[in-house]
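Work out the full structure, taking the sequences as your base and the hints as a guide.
From first to last, the protein sequence lines are chains U and Y.
Using the working numbering, the first residue of the first sequence is number 1, and each one after it goes up by one.
Using the working numbering, the first residue of the second sequence is number 1, and each one after it goes up by one.
Calculated directly from the structure, the hints in this document are not laboratory data.
One or more of the hints may lead you astray.
Claimed, not checked - Quick list of in silico lysine-lysine cross-link-like pairs, BS3-like style, CA-CA up to 25 Å:
#, chain 1, residue 1, chain 2, residue 2
1, Y, Lys85, U, Lys15
2, U, Lys319, U, Lys196
3, U, Lys15, Y, Lys80
As the list claims (entries may be wrong) - With the Cβ distance kept under 8 Å, some of the chain U side facing chain Y (calculated, not the full set):
#, residue
4, Gln29
5, Asp33
6, Asn35
7, Ile36
Think of the CB as a built atom: it goes at the ideal place given N, C-alpha and C, for glycine as much as any other residue.
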Amino acid sequence: MSLYRRVANLFCRAKLERDIDVELRSHIQLRIDDNIAAGMAPEEARRDALLRFGRRNSFMEEARAADTAVVLDGMARDIRHAARQVRKSPDFAITAIVTLALAIAANVVVFSVLNALVLRAVNVAGSDRLFQVVNKNRGNISQSYPDYLDYRSQNTTFRDMAVYRIGFAGLSTGAAAYKCWLYEVSGSYFGMLGVKPEFGRFFDSHDERGPNSAPYIVLSDAFWRSHFGGDRRIIGKTVDLNKQPFTIIGIAPREFHGIEQFFWPDLFLPIVNERQIEGFDFLSNRFSHGSFVIGMLKPGVSAQQASENLNAIAHTLAKHYKADEGLYARLVNPGLFGDQIGEPARGFLSAIMIMTFLVLVAACMNLAGIFAARASDRGRELAIRLAIGSSRWHILRQLLTEALLVSLIGGAAGTLVAAFLLRTLTYWQPFGDFPIHVTVIPDPSVYALALALSLLSGILPGIFPARQIWSMDATQVMKGGASTTAFRRLSWRDLLLGAQIAVCALLLTASLVALRGMDRSLHAAFGFQPQGVMLANTDLNMAGYPHLTVYKRMLEEAARLPGVISVGAINDTPLSSGGDNTTAYREGTTDFRPSNVVLAGSEYAVSPGYLQTAQTHLLAGRDFTWHDDDKAPKVAIVNETFARKMFGGSNPVGRRFAQGDGSLFQIVGVVEDGKYNFLTEHPTPAMFFPVAQDPNSDMTLLVRSHMPPAETAAALNHMFGKVAPDLPFTIQSWQDGLALVLFPARAATVTLGVMGLFAAVLAITGVFGMAAYSVSKRKKEFGIRIALGTQAMQLMRAALARPLLLLLCGSAIGLTLGVFASRLLSEIVYEATPRDPIVMSGVIVAMLLVGILATWVPANRAMGIDPAALLREEA
Amino acid sequence: MLLGSATMAKNDLQGTLDLLVLKTLLRTRSLHGYGIVREIQRASDDLLRVEEGSLYPALHRMEQCGWIASEWGVTEANRKAKYYKLTASGRKQLQAAEQDFQELVKGVLALLRYA
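Next up, the structure:
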């Protein structure tokens with residue numbers, strides 16, 4: 001209580017002092033009144049009163065001394081002093097605060113994303129014992145359902161295991177049809193994760209009595225609210241999923257969305273009913289992967305023990321089943337599709353984190369330089385204070401308070417900016433069709449980081465002038481001789497600026513290298529031309545159609561739309577989220593074990609006309625026709641990489657290959673290579689099969705048209721209504737459809753660009769500060785030189801040689817470091833190489849620009865010095 | 001600080017002034033600074049006279065410690081003045097200070113007798 005009052009007093013000193021003044025006047029007045037009453041003359045009464053009162057002025061000091069009992073007082077005085085100092089030079093304060101705010105905001109944002117993506121555990125109880133079972137090779141994360149059953153029933157180390165799979169289905173309520181994303185999950189799923197329904201119930205293992213035995217669904221809270229208006233009476237109602245009846249039995253809690261960090265499904269249904277959704281049976285097929293297996297360890301069991309346990313099971317399975325040859329279980333943290341996204345995301349974000357941290361380091365160096373310059377500017381003032389007995393520690397404390405004040409304001413501003421950006425990111429839904437939310441709500445650890453960074457970036461630069469103050473010789477400084485001579489030698493400040501520029505050049509190099517890599521991968525040959533093509537995506541299974549007739553009818557109708565150049569269809573377009581992989585064997589293979597596989601690659605079912613519509617170039621052979629149907633010999637079109645791997649470069653047209661089920665395919669055409677799964681992938685084999693021989697209910701209709709996209713979309717919409725009225729579909733341009741796969745590259749490009757910009761800005765402020773300071777320090781000298789008739793060029797050389805030399809050295813060092821650092825970057829960024837003339841020259845030009853920009857104003861200042869005015873001033 | 005009293009260690013003297021002020025406020029309930037000076041003088045039969053200027057730092061300090069509380073008021077002669085009164089913790093402090101003072105006096109007297 002009293003401490004609060006004292007602290008409060010410290011900050012409202014003015015009011016307090018007014019208060020005391022009034023009180024003292026009142027006291028003296030009362031005494032005068034009494035004196036007059038006792039018969040004194042007014043004049044005498046007044047004198048007597050003042051005399052009796054004694055040392056009036058000293059009271060203020062004594063009152064203050066009473067407050068000083070609290071240690072805080074000295075600090076508060078320092079803070080007020082610092083605030084005064086900062087207010088006195090707003091240029092400096094604003095520059096420092098803005099630089100720091102940007103640097104801290106960048107750090108907070110990147111750390112939050114890193115935190116949300118990689119560091120934070122999955123939001124379920126006991127997440128430290130929750131693991132996903134993946135395969136030996138990175139990125140190979142899905143299992144077959146029969147293997148899951150064996151793992152679950154035979155292991156001794158897991159409390160329980162569960163399986164889930166991502167899918168989608170057409171949901172119709174009689175009134176409307178939607179496409180919705182869903183999780184097919186095992187009965188053990190909810191129980192193992194310890195999730196309780198918001199209301200209604202969840203299905204469990206008792207509901208699983210063989211295929212299609214549990215026609216129940218659980219809705220997500222968001223889907224229930226958006227599609228059923230949050231109506232509780234929905235429980236027990238029946239809806240159709242892909243034309244099959246399912247009963248709604250429960251609603252999941254609002255915050256529960258499964259354990260994939262960014263995927264928010266609309267509903268959950270028992271995996272035993274998958275056939276009704278997928279249209280094919282994977283429950284009894286060990287070859288059919290695609291299910292994600294997670295398990296909760298028993299208390300006291302280590303991940304090591306559990307993986308040994310699973311591998312013993314895997315070993316036995318591999319002996320019994322051909323499909324399980326080489327089966328190997330690896331435990332990883334769940335949440336980001338095993339380690340498929342987690343690994344690259346961790347790598348990339350760590351690299352970005354390092355870069356952002358370097359930005360902060362550069363900002364701190366900048367700040368340290370400014371503080372050092374200010375300390376030496378105030379040399380005379382500080383020297384006087386030392387001379388009259390102020391302690392060095394006290395002076396340092398004051399400078400430090402000033403630095404901390406600036407850094408804390410900068411930190412607060414930066415955190416605000418970051419919080420705003422993160423909020424925007426959280427509510428952002430980048431992909432309309434795909435239920436992805438990136439929830440990056442900053443948690444306490446993020447704010448702790450922001451505070452720590454601000455304190456650090458106040459203390460470190462603030463301490464920098466300490467050396468100066470400690471070695472300060474008060475008499476020397478007061479004589480005024482020290483400042484100009486000290487400026488001649490290479491000072492700590494120069495080294496600091498050099499280091500700052502090196503860091504900035506390093507950042508600039510790294511960001512340019514990455515930008516070039518991104519640019520190259522964005523403009524790499526996709527193997528198709530997305531411009532001018534509209535996609536209509538659907539799953540004929542969703543409306544229970546016999547596939548091929550509707551399929552053909554849609555193509556015919558679409559071809560008749562106005563402005564259409566060509567139409568075609570494929571099950572999933574390359575670089576979309578779907579897509580299948582398959583393996584190929586040589587003709588004549590009889591033993592189809594994994595070790596005899598010649599190649600694995602992407603597989604597509606396409607209609608005649610797809611290649612032409614996608615503008616995938618046919619290099620040899622022919623396209624499919626509708627005569628390539630189930631009565632004709634099986635045929636395929638392959639890409640160049642396939643041809644090279646299977647036939648070593650000789651003409652493959654007319655030759656044959658086999659698939660795992662023993663069927664043979666004759667190659668009728670060869671197409672150019674493309675990108676199939678990722679932008680950054682190396683050339684991958686691809687096989688195209690005629691849709692009439694490879695029935696597939698997934699259908700993406702491609703329409704290449706002269707018409708504007710909106711008109712084509714409207715025409716397609718109308719066409720779907722006519723041909724298949726109850727079929728959910730999505731229409732978008734191919735370029736929008738690529739957004740998902742291009743997103744990481746684009747996000748990275750923007751991030752790296754911003755980093756590069758930060759680096760350039762920091763370099764400019766650094767060099768500018770140095771040059772401006774140097775000019776202002778040597779004003780007198782330049783005045784005399786001008787008076788003596790020095791040429792402009794010579795003057796410039798004197799004024800700017802040092803900052804420019806530092807810029808040159810710093811840039812050279814930074815560029816060299818950047819070249820080495822880019823080796824690390826090339827692990828993450830596609831085709832990142834610093835040995836790129838555009839990168840090299842880009843960095844050099846950028847640093848030159850930095851030099852010109854930063855020295856322009858100081859140079860003009862030096863040229864504009866009027867010696868006469870200067871001499872008058874001095875006199 | 002106290003005229004007409006022996007010179008003692010600073011803290012003791014300060015403590016004595018505190019004691020006088022607190023005691024005065026206990027008796028009078030509420031009083032302004034000038035009133036306190038007058039009251040001490042009157043109650044001690046003019047033996048103790050407080051240097052008026054040094055009263056206020058003491059009042060300020062005691063208020064910071066929470067022993068006394070203040071509010072602005074008006075005197076009978078219609079002059080604005082700040083009135084002080086004792087708080088609960090001030091009452092406790094007074095008890096402690098009184099005891100301390102008794103012991104101090106006892107000690108000093110004993111010493112004087114011995115000498």
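Right, here's what the structure says about each hint:
Note on Y/Lys85 and U/Lys15: the hinted pairing holds, with a Cα-Cα distance of about 22 Å set against a maximum of 25 Å. About 40 Å separates the Cα atoms of U/Lys319 and U/Lys196, which puts this hinted pair outside 25 Å; it is violated. With a C-alpha separation of about 17 Å, the suggested pairing of U/Lys15 with Y/Lys80 holds against the 25 Å cut-off. For U/Gln29, the shortest C-beta to C-beta distance to chain Y is roughly 6 Å, which falls under 8 Å, so the interface hint holds.
For U/Asp33, the interface hint holds, since its Cβ comes within 8 Å of a Cβ in chain Y; the closest pair sits about 6 Å apart. Checking U/Asn35 against chain Y: minimum C-beta separation of about 12 Å lies over 8 Å; hint violated. Restraint check, U/Ile36 versus chain Y: the minimum CB separation of about 11 Å is more than 8 Å; hint violated.
Against the hints set out earlier in the document, violations occur for numbers 2, 6, 7.
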